[in-house]
Every structure is written in structure tokens, then in C-alpha cells.
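Engineer: Chains as they are written, first to last, in the numbering used here: chain A, 18 to 299; chain B, 18 to 299.
To be clear, the hints were calculated from the coordinates, so they are not data collected in a lab. Errors might be hidden in some of the hints.
[What the hints assert, rightly or not] Covered stretches of chain B (chain A as the covering partner; in silico rule of three or more C-beta atoms under 8 Å from a C-beta of chain A): (1) 98–106; (2) 155–166; (3) 203–213; (4) 239–248; (5) 252–266; (6) 290–299.
If you're wondering where the values come from, they're calculated on a predicted model, not measured in any experiment. Virtual Cβ for every residue (Gly too), placed ideally from N, Cα, C.
Protein chains: 2
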Amino acid sequence: MHAYDQVAIVGVGLLGGSIGLAAKTRRIARCVVGIGRDDAKLDAAVARGIIDEATTNLAAGVQEANLVVICTPVDMVTETATQVFTHAAPTCLVTDVGSTKLAIVEAVERQMGQKSAQFVGSHPLAGDHRTGAEHARADLFEGRTVVITPTKATAPDATGRVSNFWHAVGADVVRLTPEEHDAAVAITSHLPHMVASALAAATPRSVLALTATGWADTTRVAAGDALLWRQIFAANRTQVLAALDQFDHHLDALRKALLEEDCTQLERLLAEGKQIRDAVGN
Amino acid sequence: MHAYDQVAIVGVGLLGGSIGLAAKTRRIARCVVGIGRDDAKLDAAVARGIIDEATTNLAAGVQEANLVVICTPVDMVTETATQVFTHAAPTCLVTDVGSTKLAIVEAVERQMGQKSAQFVGSHPLAGDHRTGAEHARADLFEGRTVVITPTKATAPDATGRVSNFWHAVGADVVRLTPEEHDAAVAITSHLPHMVASALAAATPRSVLALTATGWADTTRVAAGDALLWRQIFAANRTQVLAALDQFDHHLDALRKALLEEDCTQLERLLAEGKQIRDAVGN
């Protein structure tokens, strides 16, 4: 017995594809419908068993769905949600995987009114610097955290069911307000990306041959798609700017200790960073 | 037939231990002597086949050596080299694995005079955030780059033989001046470490549960030993401060674009970082 008869996924990339694979592998959905813009890519996803059916027609794709997961870039989530609510059944649950939550949740609630009770914002803290359905994995969410951000406007039943869906694909679920979520990921995800990008850009090509694993690790996320990340930064602008200030504060302290040849302070600051890094492991 | 009868390694940690293992596995040395301060650790390294013999007496350990590799923290390389040159045969080659080169090479040449013709500074761009001989691997140097920094004071024959040694353990060898080396690694290694440390320190413990692979990658090197890194930063202070300025320039440009909501510029800067990161791969 499947928990859902039909799950529709809008945007069959790394995350959407992995949700499809996980929903099929774990028998969460009888049928997974993939909705996209590129017929060739959708056909390839069907051929690889990532989705059962595919369509470029969103209205048709969501019509019979019990759950729609919006996996478009953050800039398109709100517009897509509006279309989904227009064409889906009133009982259909809608969620997304956007990396920012406040702008999306506010816009959906403003535009959809009562209907938005069926919408629960989600953000799986899973992914890869590689994109595309060809890298989709059924186990992408196993042991990872998915933040869900229901509000007062959300139906409690919808919250519970979306939470169960993420549990079913293997994730741990954490519930935060959209504001709490955005402030946290500004520090844990958006700030590292911006710092990694600046670090990569600050490296002259002439010394790239002298980079080793340290540089490769520290800059890895800078390989992410520039357009997608520009949209994420823009959608969480205030929190990212605050996180940058926080980072500056710590980097300036290190610089000052080095400038003043204050070895005790320099070692103390490095030990502070190490302690926090060690708390996470790997 | 081994290239060396005896290779002595001062400091049997991750690098020293891996050099020992590689020299034994690849039959570069008939006998590898490990010199350290801790009898128990040295005995463990002998038991694990990382070194053939062990001693806490540096004078005795280097007496018969044809090549001494100094693998102490950067702060102790010069003093150790002085002791090695005092007790080793005049034909004995001496090299090190310090992450900075100018301070070490200048000090050795100043203190050792003519004898320093047998000294060739080295820096293997290999390692791990884990330390200790227990993580030593015979293949640590395979496909990695080792920078050597001979000067006018170095005997050409010594340069050639040290270069051959690193080739023999599997590394590619790049020759730079000590100044060129220090400027390059300030950008490729020391700057990433300082940035990663600030990033880790800027992350409140309350949001650590919301970190994912991006944060883990970007901050990984911050787990390095605080004392060792304080010494590296101090030994390459001017170049690290210059690298920090370079980084600031790029981070400020990103911040300005975000602050001014200049999406075109923000995306352009992110694309610039991505392009450089993509040039390295993995």
C-alpha cells in the first residue's frame, strides 16, 4: 500500500530526481509524475526509472496529484505554486525544496489566501555541487535534515503529512519558522558559498597548480551554478549581509592578531574555530 | 639496489611516517631511521613497519644517514637543521617539509654557511587534516606536487638528488624560489585556512545541526592543529596579510553587489569564482 497514489515533481533535477527515485524505491508513491520544460531530459528521466510519467504541461501533470513537490530554482517557486494551486485538487498537498523560505512562504500565503493552508515550505539540507537528474540518488536524503517551515496559516494535517513524506524518504525533519530557517542557512550555507566564491576568485590562475586538498575543499561549493546562487543570495539578502558582518568580525580578529604578532591570541582564535569544526566531524 | 643506504626522518608524524612508508615500500632506502621525542610513538611506528629503527637521540640517528628529512613543525626546522648539520656526514643531504620556505632557507644559510650547500628546502603539497603516524600512507605523495626551493647557495647536485627523491616517492616536483613559494602558498593554503577558521568560528553552535556538506567542505581545514597553524601564519606573515587583502577585495565586491541589489554584477562575480574553481576539478 502506497502512502500516495500520485506524487508530482516540478523540476526534475538533482533534488527532484532524487525525490522521484526515493519515492519509487521506497514505495511511497504508486506513480511519480515529472513535470519539466525539456522533453528530451524528461524522457531520459523516465528511461532511467527516476519518474514514471513525464509532461511539460503543468496543469495536466498536477491534476491527479496528492502531493506536488516544487523543485524549481527559488526564483520560480512562488509562480509555480500559484499555477499548481490553480490546477490541482483542493486536497492536494504542496511543498517545495527552495533554499530560502521567508520570501516564498509569504508570497504563497499572500497570493493563495485560504488555499495556502495546504502549502508547507521545505528545505532539504542535501545536495551536491553537481546538478541534473543524471546525478539523482535514491539515498540522497538518508540521514540528512529537511527543515519544514509551516506557519499559522498552514493546516496542521498538511504539516504532519509533509513531515511524514520527508521521513519516508529517509530524512530527519526539523521544524522552524521561515525567519529562523533563513537566518540559520545564511550562516551555514549561503555565507560559506560567498566566502568560497571570493576565495576561488582571489586565486590567480598562475598558482592553481600549487593548490592541494585544502584549497579544493574550501572552495568546492564555488562550482555551484552562478544564476541559481545569485537568486538564493537575493532572496535572503538581509540575512546574508548580516552573516557576512559576523564573518568579517572573526576574520578581522585573526588578521589583527597576525598583524600585531600576537601569537597567543592568534592560536586562541584558531583553537576556537577548530573546536566548532571538530564538533561537526568528517 | 637502493638509492640510499640510510634515510633519517626527524619527526615521525603524518608526513614523516608517509615518507618512511614510501621509502620502504618503493625500496628507495635500505634502512629508514625515525627520530622523535616519544619512545612509545616511535616504537609503535617501528611495529607498524613505518620506520626500521628509532631513536630519540638526533646525533646518533643522523650519523650514518645519506639523507635527512626534517618533518618537525615549521618553528623547529631551522634549529633541527643546525643540529643535523653538526652531527651528520659532510656529504649528507638535508631537506625539510615545512609549509613556509623563506624564513627557513634564509636561517639555515645564515647559520650553516658553506654547509648549507647540502640543504634543499622542500614543501610537499600533500597532507590531511588528520595528523599522526597512525594516518601515514605509502601513497600520500602519489600524483601530488612537491615544491623545492634551492638557492644560489645550494649545490646543484643536492638539488638534483632531492628532486629525484621526491620523484621516487611518487610526486611531481616544481622548483620555485623561496619567495615565490611563500607568496603562492599564502594564497593556495594559508588564506583558505584562515578563512575556514573564521567561518567555523562565525557559526553559532545552535545552528550546527543545520550544516550540510557545503559547510563541512568549506570549513574542513579549520580542524587543523592551532599551534602548528599559528606558527605557519607567523612564518609567512607578510604574504598572508597580502593574501587576506586580495580576498577582501573579492568578498567586498560580492557584498557590494548584494547590498546594491546589482544582480548582473553578483552573477558575474559568482561566475568568475566558478570558472576558477572549475579549472581545478573534483
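Engineer: None of the hints should be skipped; say for each whether it holds.
Structural biologist: Hint-by-hint comparison with the structure:
no. : hint    : verdict
1   : 98–106  : violated (count 0)
2   : 155–166 : holds (count 3)
3   : 203–213 : holds (count 9)
4   : 239–248 : holds (count 8)
5   : 252–266 : holds (count 8)
6   : 290–299 : holds (count 8)
Hint compliance for this structure: hint 1 alone is broken.
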